[in-house]
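**Q** These are the residues of each chain, in order.
4 protein chains.
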Amino acid sequence: MLNLLTENFYNNTKTMKYSFKNDYSEGCHPRILERLIETNLAQQNGYGLDEYCLEAEKLIQQKINNPKAKVHFISGGTQANLIVISSVLRPHESVVSAFTGHIFTNESGAIEATGHKVHGVETADGKLRPQDIQEVLDVHTNIPHQVRQKVVYISNSTEIGTVYSKKELQELSDFCKGKNLYLFMDGARLGHALTAETNDLTLEEVAQLVDVFYLGGTKNGALIGEAIVIVNEKLQEEFGFHIKQRGAMLAKGRLLGIQFLELLKDDLYFKLAAHANQQAMKLKAAFMEIGCGFLTETFSNQIFPVLKNDQIEKLYQNYDFYVWKKIDAEKSAIRLITSWATQDEIIERYIQEIKKL
Amino acid sequence: MLNLLTENFYNNTKTMKYSFKNDYSEGCHPRILERLIETNLAQQNGYGLDEYCLEAEKLIQQKINNPKAKVHFISGGTQANLIVISSVLRPHESVVSAFTGHIFTNESGAIEATGHKVHGVETADGKLRPQDIQEVLDVHTNIPHQVRQKVVYISNSTEIGTVYSKKELQELSDFCKGKNLYLFMDGARLGHALTAETNDLTLEEVAQLVDVFYLGGTKNGALIGEAIVIVNEKLQEEFGFHIKQRGAMLAKGRLLGIQFLELLKDDLYFKLAAHANQQAMKLKAAFMEIGCGFLTETFSNQIFPVLKNDQIEKLYQNYDFYVWKKIDAEKSAIRLITSWATQDEIIERYIQEIKKL
Amino acid sequence: MLNLLTENFYNNTKTMKYSFKNDYSEGCHPRILERLIETNLAQQNGYGLDEYCLEAEKLIQQKINNPKAKVHFISGGTQANLIVISSVLRPHESVVSAFTGHIFTNESGAIEATGHKVHGVETADGKLRPQDIQEVLDVHTNIPHQVRQKVVYISNSTEIGTVYSKKELQELSDFCKGKNLYLFMDGARLGHALTAETNDLTLEEVAQLVDVFYLGGTKNGALIGEAIVIVNEKLQEEFGFHIKQRGAMLAKGRLLGIQFLELLKDDLYFKLAAHANQQAMKLKAAFMEIGCGFLTETFSNQIFPVLKNDQIEKLYQNYDFYVWKKIDAEKSAIRLITSWATQDEIIERYIQEIKKL
Amino acid sequence: MLNLLTENFYNNTKTMKYSFKNDYSEGCHPRILERLIETNLAQQNGYGLDEYCLEAEKLIQQKINNPKAKVHFISGGTQANLIVISSVLRPHESVVSAFTGHIFTNESGAIEATGHKVHGVETADGKLRPQDIQEVLDVHTNIPHQVRQKVVYISNSTEIGTVYSKKELQELSDFCKGKNLYLFMDGARLGHALTAETNDLTLEEVAQLVDVFYLGGTKNGALIGEAIVIVNEKLQEEFGFHIKQRGAMLAKGRLLGIQFLELLKDDLYFKLAAHANQQAMKLKAAFMEIGCGFLTETFSNQIFPVLKNDQIEKLYQNYDFYVWKKIDAEKSAIRLITSWATQDEIIERYIQEIKKL
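Residue numbers (my numbering), protein chains in the order written: chain A, 3 to 359; chain B, 3 to 359; chain C, 3 to 359; chain D, 3 to 359.
In case anyone wonders, no lab produced these hints; they're calculated from the structure. Careful: at least some of the hints might be erroneous.
Which copy is meant is left open, so a pair is good if it fits within one copy or across any two.
[Stated by the list, open to error] Each computed EDC-like pair below joins lysine to aspartate or glutamate, with the alpha-carbon atoms no more than 16 Å apart: (1) K168 x E206; (2) K327 x E137; (3) K152 x E240; (4) K286 x E355; (5) K72 x E235; (6) K284 x D269; (7) K327 x D140; (8) K273 x D176; (9) K181 x D140; (10) K179 x D312; (11) K358 x D268.
Take the sequences, apply the hints, and build the full model.
**A** If you want it as structure tokens, here you go:
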């Protein structure tokens, strides 16, 4: 992976380069701005007790058909992960994640900073299976000299673009219940997962199969915001304290409530994710046409084509993206991410470039 | 103090009540929304490496006349406090605060959750003086059985509306340097402090006298955002890691950069704070006219008039505010906060009510 | 208080000075050494699963007439305090202590280092009363912006030598149950408390009135060791993990088990404490005879006579002790501590010195 | 690995079984008991400021020929690991360990509980090499989204009985200096490493090549105790605070000082370790004679012969040990540990049993 620091300093707006580096390069969907303008001067209570947050919670409860679920809005994914996990675990308990899991490598030790071990597991496709977790349990039987596994962390879609099938999530859910483990789904890209061409899960089913999850806004058209949905009533108690203690309780929580209200009231949320996926699939098709392979087969808004170094150089002249993984001396896999904001013209233009390779 | 939970659930927008409960009841200054619209579709780097954050940092460096200062934008005050303090302290070091300091009682143990003790000090007016800190040092000489004091936390304006004079801050700064303590200013309401009628400090002087401080946006016209300014170069090292680890690094950092750029480019920031102060001073004058006293004498956007219970009842019929402190069986002090958004008509209408008391 | 660091470097064994500085200046009661010799080569399981720890647990269960209590042996008081408190509290919960409580000032931030706030309360005599705790609860109603109090920490005897009466402990216990607070007694000097001339509590009653407590060995004839007794079954679960995680699980736990077995099998533990108390009371009587007053009235093994500076100088020529608190320009209170090892000759010799004052 | 809990409850002293389960099944070397008796009633300062600790520090400084090194005595290995690592690291920094490292799996998350990530590395023989660490550094370049590696943790002898050669430690030391990493050696069995038949390192060389290490007493004839030696002056500052804060500062530190003084004054420490190694090597030779292989080739006091299940059953009738790892359906590796207390008769008797296999 390239060093994001140097990469990030590369300022793509001063050039003509279009960026496929991530799905948070733009601001937010225009309807959100309109709604912010309309509501701007209405006085509201602070700390997530405004009308918009309360309505947005009701809306999510309806969509998952569970009025007992509790919903909390916070600003980002790492924050959601550390608050949920540290609120659930006792000091000697740990969390299991895929090696590719965001909490394992990309949060600067955020979970460990709350006092808990994260077990990394090698996976083929970024998805955890019961056997992966069982192997961790099997080598942690030396009580009380080893930590107790208590939370299983999964991402859907995963950090490498794959999505869980209903069967896979059902098996994981059954396994966790049987082993007295909590199942937590990082849904920073849940919209993309649930609108992927191969997906057979509904939001309601996700809510039935996990103990807690979140609906990501930041990567799907919001300025900021993730909606944490706590389904398991045992985990709901006093959650507000944890949000406040970690510095995640916005004085103007309205900013979060308004956005989710707008994104969810008519499924704009899923339309935007579906759009991102479709744009990625067009690129995938174009790469396949020229006989190029992929690091992992994906159906959401991230693709990882494997290209020759000179092909990468060519594409890099007019487009910005990450070189994800070196395959060998001649080849590397690159990562291309599309978003709610990726226009057709861009995709068409890029496909022409691919054909030229 | 009333229980904010029950209070907050009281939904003031469904009634005609106008709220003086806090300075974050509205959205943001319209110019910020305009700027968000203009910049919305420009692609930018994530994590605070966008053009707006970089420009806003330069702008602040110019305003404090210190190009070596480092600026980081995050979403809220509790977050700023816990990140700054935990990044500075070693495990056995502690922070000194007034009992009224936000970190001491109103952050749900956020500082302790990062592993550090907060020493509370009784003060007359919410402001720390060298003698207050010396008294803490004097009873912590039993090395290594007691924590080592290393950071002094002050708020300007304070949580009870008072402001530091140049002489007071100079003395505190000299004392801290002499005792090898870092001086950290919580500037959630720094704009209000620096535009208070009694203020004799400039922003540049504040930056010269403290090691680290922040400029609050949330309570002064922004949707969210505080600008942490690290003046002491020893404290600048690797600060980004701490922001990320605490879940405070926004993917769309642009949201913060754009707001501070807009607020600071032509001193809108100070104009908004001055407006809030003026509105509060008009109310103060009206209360003085009817011979009412105050819990503390303030010149910023918070006032604490002491009223008879029946007078409080009357005002409460059409206005929302907190009853701050019970004085005796007949009297209590209430807290009224004005903001950048408090219109003249509201103030005039309220003054009429005061006169009727 | 004098600076213990410099004080401690003063090496009293190279002079003829006898030390009243604390009750852990000597090794251990000879019977413990005999028992260590007898058992030395017997092979035993590690980590507190040896025969001696298991028998000592049974013995304590019998003494408190509660076979369901769980007993864990660790090496010291600060360790006992941090493990018990951090195992009980969730991240947003806090503990209430007297300002004089060991956890508040003398453990180098050990409790905060586990993430929890310690509320300090001013007391007349080092003992907490329901009203003291109620006052803390009263100013922490702003949910979820303030921490939730969950544990009440008391010491018996206290750090200033006072002891709880049955009535006082009963009231505290009732109050805590009513407020859903756990009551934790630091018993580093519990032997001294229960054998004090004014005491009317039994060990069994202590175990009935608190949720968890410990029996101190270090200050009462053992080489090291405190026996944590968890009475409340809710707090017993998985406690071993916490001991291990904090580095407190001795590979040779037998060292702790053997000592408590020897101290408790025939009440040697209480005989040693009673001896220490009696020696202190002889000194107290002598000081009273010469009309000297005391900082607090005590009946256990610590006394705090208030003396003129020149009198302190005289005593200091041949004896080592701490000057505890300056009373005024002419007077200070000193602290004298006696122990299981303080011989009659020493006491008699010292009484002669007192009479000469 | 068998579940140590159930294993441990198996009480070997009630049977004729001799235990090879670990090297802390007995008390301590008789000379230590004699010394405890001699010194028992001498009054000493508390908290490690007694004469014995001060002398023992000098003795260690002489043995490593470094008068500037600082020595601290604490009770156990997990405690030493967590205190050293948490005192060195800033919040965003991490430690690298072999998967077999004690801190990675056998300390119930003690390091993570202090807020830091432990990176596990696969190794052939429990020893870290520069390339292993470089691979961790290579995948953590995404600043500041990933933790910063700062400490390298190694054990000598390792948890699986192997020892570092001078060349290996020199290479590791050079690498760490070059990468600005601190090298920390867990010496719970350092005596055994330095007296192993294949060892070519001296204690002085170890002290020159690492930044901090400890000399283990618990597993080499002491009742309890590890001597932490801080060579790097940057890491010495205020270390006492960390010991106190973690509850590791014994009131009667004398207990630790006396033991190390006795073990080190005439190299008893190394004689005991050499004895343990020799006894293990005799068993190793016997197993080799019957053509049995080993999980890892060791020259210290731990051996891991691979046996058929029925052979294990036979040995288990009269001896206690751990079945370490299943090799296949027919075979497993067992762990046998000898100690300073393992007598020749036991070894001879056991060798007869091996021959019968």
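**Q** Please go over all the hints and tell whether each is borne out by the structure.
**A** Right, here's what the structure says about each hint:
1. K168 x E206: Within. Shortest intra-copy distance 12 Å satisfies the 16 Å Cα cut-off; inter-copy 57 Å does not.
2. K327 x E137: between (27 Å within a copy, 14 Å between copies)
3. K152 x E240: So K152 and E240 pass the 16 Å test across copies only (13 Å; inside, 19 Å).
4. K286 x E355: within (13 Å within a copy, 67 Å between copies)
5. K72 x E235: within (8 Å within a copy, 30 Å between copies)
6. K284 x D269: neither (23 Å within a copy, 48 Å between copies)
7. K327 x D140: This pair counts as between: shortest inter-copy Cα distance 12 Å, intra-copy 32 Å.
8. K273 x D176: neither (31 Å within a copy, 56 Å between copies)
9. K181 x D140: within (12 Å within a copy, 36 Å between copies)
10. K179 x D312: neither (50 Å within a copy, 38 Å between copies)
11. K358 x D268: Cα proximity of K358 and D268: none, with 40 Å in one copy and 49 Å across.
When the structure is compared with the earlier hints, violations turn up for hints 6, 8, 10 and 11 and for no others.
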